[in-house]
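Enquirer: Single-letter residue listing:
Protein chains: 2
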Amino acid sequence: MECGLLFSAGKDSSLSALLLEEFYDVTLVTAHFGFTDDWKHARDAAEALGFPFVDIELDGAVADEATERMYEDGFPRAGIQQVHETALETVAAEYDVIADGTRRDDRVPTISRAVAQSLEDRHDVDYVAPLSGFGRGAIDRLVETHLTVESGPSETIQKGDYETELRERIRNRWGEKAVTEVFPEHEQTRVTGRT
Amino acid sequence: MECGLLFSAGKDSSLSALLLEEFYDVTLVTAHFGFTDDWKHARDAAEALGFPFVDIELDGAVADEATERMYEDGFPRAGIQQVHETALETVAAEYDVIADGTRRDDRVPTISRAVAQSLEDRHDVDYVAPLSGFGRGAIDRLVETHLTVESGPSETIQKGDYETELRERIRNRWGEKAVTEVFPEHEQTRVTGRT
Numbered sequence: 001m002e003c004g005l006l007f008s009a010g011k012d013s014s015l016s017a018l019l020l021e022e023f024y025d026v027t028l029v030t031a032h033f034g035f036t037d038d039w040k041h042a043r044d045a046a047e048a049l050g051f052p053f054v055d056i057e058l059d060g061a062v063a064d065e066a067t068e069r070m071y072e073d074g075f076p077r078a079g080i081q082q083v084h085e086t087a088l089e090t091v092a093a094e095y096d097v098i099a100d101g102t103r104r105d106d107r108v109p110t111i112s113r114a115v116a117q118s119l120e121d122r123h124d125v126d127y128v129a130p131l132s133g134f135g136r137g138a139i140d141r142l143v144e145t146h147l148t149v150e151s152g153p154s155e156t157i158q159k160g161d162y163e164t165e166l167r168e169r170i171r172n173r174w175g176e177k178a179v180t181e182v183f184p185e186h187e188q189t190r191v192t193g194r195t
Numbered sequence: 196m197e198c199g200l201l202f203s204a205g206k207d208s209s210l211s212a213l214l215l216e217e218f219y220d221v222t223l224v225t226a227h228f229g230f231t232d233d234w235k236h237a238r239d240a241a242e243a244l245g246f247p248f249v250d251i252e253l254d255g256a257v258a259d260e261a262t263e264r265m266y267e268d269g270f271p272r273a274g275i276q277q278v279h280e281t282a283l284e285t286v287a288a289e290y291d292v293i294a295d296g297t298r299r300d301d302r303v304p305t306i307s308r309a310v311a312q313s314l315e316d317r318h319d320v321d322y323v324a325p326l327s328g329f330g331r332g333a334i335d336r337l338v339e340t341h342l343t344v345e346s347g348p349s350e351t352i353q354k355g356d357y358e359t360e361l362r363e364r365i366r367n368r369w370g371e372k373a374v375t376e377v378f379p380e381h382e383q384t385r386v387t388g389r390t
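Going down the list, the protein sequences come from chains A and B.
Residues 1 to 195 (the working numbering) are what the first sequence spells out, left to right.
Residues 196 to 390 (the working numbering) are what the second sequence spells out, left to right.
Next comes chain A alone, as it looks inside the complex (with noise of 0.2 Å):
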């Protein structure tokens, strides 16, 4: 079966990648709104891994929709569930499996099992999450034995997906000191190949 699976080159959906390969025909699918050229990123990751890649342009309303969320909260968490939401949805229109990188401890985004069974009754397609039984743990261990990895602040590594756009987005409309405010520096990791 043909699974999509979201992926941002980030250590999460790549362990993903992996868990799911001996079960489905898997394509790395990285969501962008077209603003910046960092998807070629998640291009350049996940041949590195020896997958198939596709890259698909949401609309820029939805980053419009996001960012204004996010600078209203002060926090990206709603709008980046929003995107990761949009995203699942348009993916879903074109594989039989869907998939992602969320994981047991996440805060977002997280896919609660009503809009799994949700997305999967309307699209009839599966839904599924390999890491959503897995703690942080067991996540870094297994990434640590199989996968490569560059980290960095989030400002020095830049991932493939719609998160680094967002970002750009809110610094275009409202000033470097709103990016800070809603996206707190923290330790981002990009993937580059296979132990």
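These are calculated hints, taken from the structure and not from any lab test.
Just so it is clear, CB atoms sit at the ideal spot from N, CA and C, and this is done for glycine as well.
Nothing false has been slipped in among the hints.
Beyond 10 Å from chain B on every Cβ pair, some chain A residues (computed):
#1 53
#2 77
#3 85
#4 148
#5 157
#6 178
#7 182
#8 195
Which residues of chain A face chain B? A partial, calculated answer using Cβ under 8 Å:
#9 19
#10 22
#11 97
#12 116
#13 117
#14 132
#15 134
#16 137
#17 141
If you want the footprint, here are the derived chain B segments under chain A, 3+ residues with CB under 8 Å:
#18 290-302
#19 313-326
#20 329-337
Please build the complex by placing chain B on the supplied structure of chain A, with the hints as guidance.
Expert: Relative to the frame of chain A, chain B by itself:
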């Protein structure tokens, strides 16, 4: 890393083993009470799947407490949950990683994020539930392509885990009628090998 996966010879724990085998040294572990020889069905299924197998005998007092609870409730859920958690605690003493076949759509047993983290902290293990991000449809489709199964009413398909023994215990103490009251008739499956 050494992973002890709770195994009943059913399709969920069998599929979990296949999902984990590329990542851990998986041993299938069947918990029972030593009342009957049904655990040997699990040993046979483990051999057919090609995994190392261990059986562990839980204290009979756990079965007494669980069956009293089930008989009082008129439902098996709380008692099953109690036995499952006891089995996980026991396995946690012996392995780096403990696992089970709980699914996204399961009502029982379910291991909440809080219980999972408590297990991990107290025993210094990772707890992983590889099917907790898979719904019923996805699991059925993967079972169909990867496993051979026998199915039938729960009386004729004897699986290898503690459920058969708990039914037997209830039958001995309160009679056949109590068994059918506590355990509604349902379709059981026993895995016989890989496709």
